[in-house]
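Letter by letter, the chains look like this.
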Amino acid sequence: MPNNLMQQPLAAASAAAPNWLAAAHAEARERWQAASLPTRKTEQWKYTDVSAIDREFVPGRAVSVDAAALDARVPDCGGARLVFVNGHYDPALSSSDPAAGLHVARFADADESQATLIQAHLGSVVGMDRHLFATLNSAALSDGVFLQVDAGATVHAPVQVIWLTTAQTEAFAVNQRLLVLAGDNSAASVVETFVSFEGEAASFTNGVSEFVLQRGATLNHYRLQLETGSALHIGGVHAHLDRDATFNSFHLGMGSDLKRIDIVIEHAGEGAHAEVNGLYLPRGREHIDYHTCMEHAVPRCTSSETFRGVIADAASAVFNGRIHIHPQAQKTSAILHNRNLLTSAEAQINTKPELEIYADDVQCAHGATVAQLDELSVHYLRSRGISRDEAQVLLSFGFVNELVNAVRSEALREFLRHLLAARFSRDGAALTQEADA
Amino acid sequence: MLVIENLHARIGDEDILKGLSLTVKPGEVHAIMGPNGSGKSTLGHVLSGRPGYEVTAGTITYNGEDVLALETEERARQGIFLAFQYPVEIPGVSNMEFLKASVDILREHRGEEALDAVTFMKRAREACTLANLDHSFLKRGVNEGFSGGEKKRNELLQMMLLEPSLAILDETDSGLDIDALQVVAEGVNNMRNDTRSFVLVTHYQRLLNFIKPDYVHVLADGRIVRSGDASLALHLEEHGYAWLDDEVA
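Heads up: the protein sequence lines correspond to chains A and U, in order.
In this text, residue positions in the first sequence follow the working numbering: the first is 1, and each later residue adds one.
In this text, residue positions in the second sequence follow the working numbering: the first is 1, and each later residue adds one.
None of these hints come from the bench; they were simulated from the model.
The model shown is predicted, which means the values in this text are computed figures rather than measured ones.
Take these hints with a grain of salt, some might be off.
[To be verified] Just so you have them, the derived chain A footprint on chain U, three or more residues with Cβ under 8 Å: (1) 22-35; (2) 68-78; (3) 85-92; (4) 95-101; (5) 104-112.
Built from N, CA and C at the ideal position, the CB exists for glycine as well.
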């Protein structure tokens with residue numbers, strides 16, 4: 001049965017995209033049309049229901065946005081900032097910060113040499129056969145962000161890419177794409193932030209970020225998924241690490257009906273290292289799903305991964321952490337930890353470490369725990385005059401604090417502390433709702 | 001004033017307190033001694049409203065209020081403080097953050113102005129010094145990785161900052177070396193005044209060499225079987241608890 005979903009956004013993308021994307025479109029569309037949406041019987045989607053996507057979406061439309069309202073919702077780390085509203089680049093909200101060794105271009109206005117580089121690398125990390133939604137992303141490409149860091153360059157200020165979705169009358173789709181090419185021995189940081197201003201209509205963001213780290217490159221990456229309400233998000237972070245490259249990736253997921261993020265890291269050169277940390281904090285009836293996969297394809301690479309979740313109310317979360325150590329990947333060291341705190345009897349978590357190890361000389365540690373609020377800890381705090389609610393806030397915050405403290409950027413740490421303090425307190429929740437209204 | 005009358009309490013099916021009565025007036029220091037299993041710690045747990053402890057009979061009032069009708073945090077706001085025998089470790093929540101939250105709420109309840117951050121820090125550091133804890137303990141997770149003695153001194157630190165009107169110290173002396181014991185005793189002695197009362201729950205007379213109680217009570221099989229002045233503690237030190245068997249029988 002041919003797949004008729006997303007026809008309007010696909011047509012709009014065709015009209016808007018630069019010519020050189022046509023080839024990528026053709027193959028991806030062929031695959032998309034032949035595919036069907038995953039169901040609960042699809043192993044990778046067993047606990048995440050995507051039927052909310054199975055509907056008509058119109059293309060996202062450019063809308064003017066109050067800069068102050070946006071600034072209140074996103075971190076300010078200095079550096080260049082690119083803002084997209086409903087998928088459309090907004091020059092008024094964006095700012096450039098020319099830094100030596102850093103080149104920022106959009107697909108839509110890339111010059112010839114940039115277009116050549118983009119074509120050479122786009123889709124090289126996430127292949128067409130890897131992930132249905134990445135394929136859809138390629139099929140619907142019209143614009144995206146290309147960041148190139150020159151070999152040997154160190155760029156101090158992080159580049160921020162902000163994807164905002166805001167009120168439209170009909171349900172709309174946004175296609176987000178980021179391609180980062182980090183040259184040999186370069187160092188840089190990228191912050192991806194996804195936010196929404198709540199409207200009546202649902203939105204569906206399909207976000208794919210690809211990272212190509214060449215020899216000895218270091219990239220600090222942050223992906224904050226802060227959309228609220230019915231702003232749905234299915235996205236992927238796909239990184240390719242060459243010899244001695246280091247990829248540090250921090251993730252935060254909170255705040256909307258459905259979020260599914262796949263993180264796939266391919267260690268392709270010896271000595272590569274990945275550190276991936278993440279927090280997911282669903283509440284109400286929200287659902288957040290992180291699927292991570294560490295591909296260890298060559299010897300002497302390391303990966304360290306820590307995810308923590310606080311699941312409140314009737315919310316649910318999925319964490320699936322896969323470590324795949326190929327036969328030739330001797331001397332691999334891979335660590336994976338996942339801890340979950342359920343703060344209500346109705347909260348749900350499905351966590352699964354998934355280890356496939358085909359090499360015999362490796363170090364691999366993993367663990368997953370699920371706990372409820374410790375009653376004795378609550379009692380101890382209450383015995384000092386702190387209310388039960390406030391105790392819950394302190395304990396939930398304490399549970400995630402360690403990962404926030406490990407965030408490398410001070411500006412981002414501060415932003416996260418305020419955001420989480422508000423997230424875990426009732427007053428904060430009220431304030432956020434007011435800001436939305 | 002704390003008035004406990006005919007208190008009966010149990011954990012699960014096991015009756016622990018069987019008719020305990022005790023009156024503590026403002027400014028008084030009472031020591032409660034007794035053998036293991038006599039119900040000493042249960043008294044503290046019941047006063048703090050710890051989950052799992054059920055009061056089956058009797059009353060507790062504090063300044064005329066029915067304590068048993070109050071939630072744990074409301075008891076704390078009324079000025080009741082329990083120094084835990086086994087303080088709880090709370091990783092990720094800094095001692096400072098915890099103390100600030102607690103001090104803020106208690107001050108608010110007492111109708112006092114909130115302390116600004118600088119004043120609070122200053123007081124917290126002073127209390128640290130008095131409790132013989134390095135200032136770095138303020139930044140660490142609550143009791144996280146603290147030694148037994150450090151946990152006890154952290155309880156003392158909290159007591160000094162929270163300024164309760166009634167403090168129950170549940171075997172705060174156990175496991176402390178003589179220096180740490182003196183630190184705790186000095187902390188208590190510095191806080192003694194005409195209105196603040198203390199209940200020292202202890203197995204050993206040792207602590208009472210440093211804090212002179214007004215009254216000593218002997219708890220056995222869930223009831224107070226003997227009360228006296230400080231000399232009763234010396235008697236216990238000399239004769240142990242074995243003679244109690246006759247009294248309880």
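Here is what the structure says about each hint:
Against chain A, the segment 22-35 of chain U contributes 0 residues with a C-beta closer than 8 Å to a partner C-beta. That does not satisfy the three-residue criterion, and the hint is violated. Only residues whose beta carbon comes within less than 8 Å of a beta carbon in chain A count, and the segment 68-78 of chain U has 6; three or more means the coverage holds. Coverage of the segment 85-92 of chain U by chain A holds. Counting CB-CB distances below 8 Å, 5 residues qualify, and the rule asks for three or more. With 3 residues carrying a beta carbon less than 8 Å from a beta carbon of chain A, the segment 95-101 of chain U meets the three-residue requirement, and the given coverage holds.
Only when three residues or more bring their CB closer than 8 Å to a CB of chain A does the claim for the segment 104-112 of chain U stand; here the count is 3, and the claim holds.
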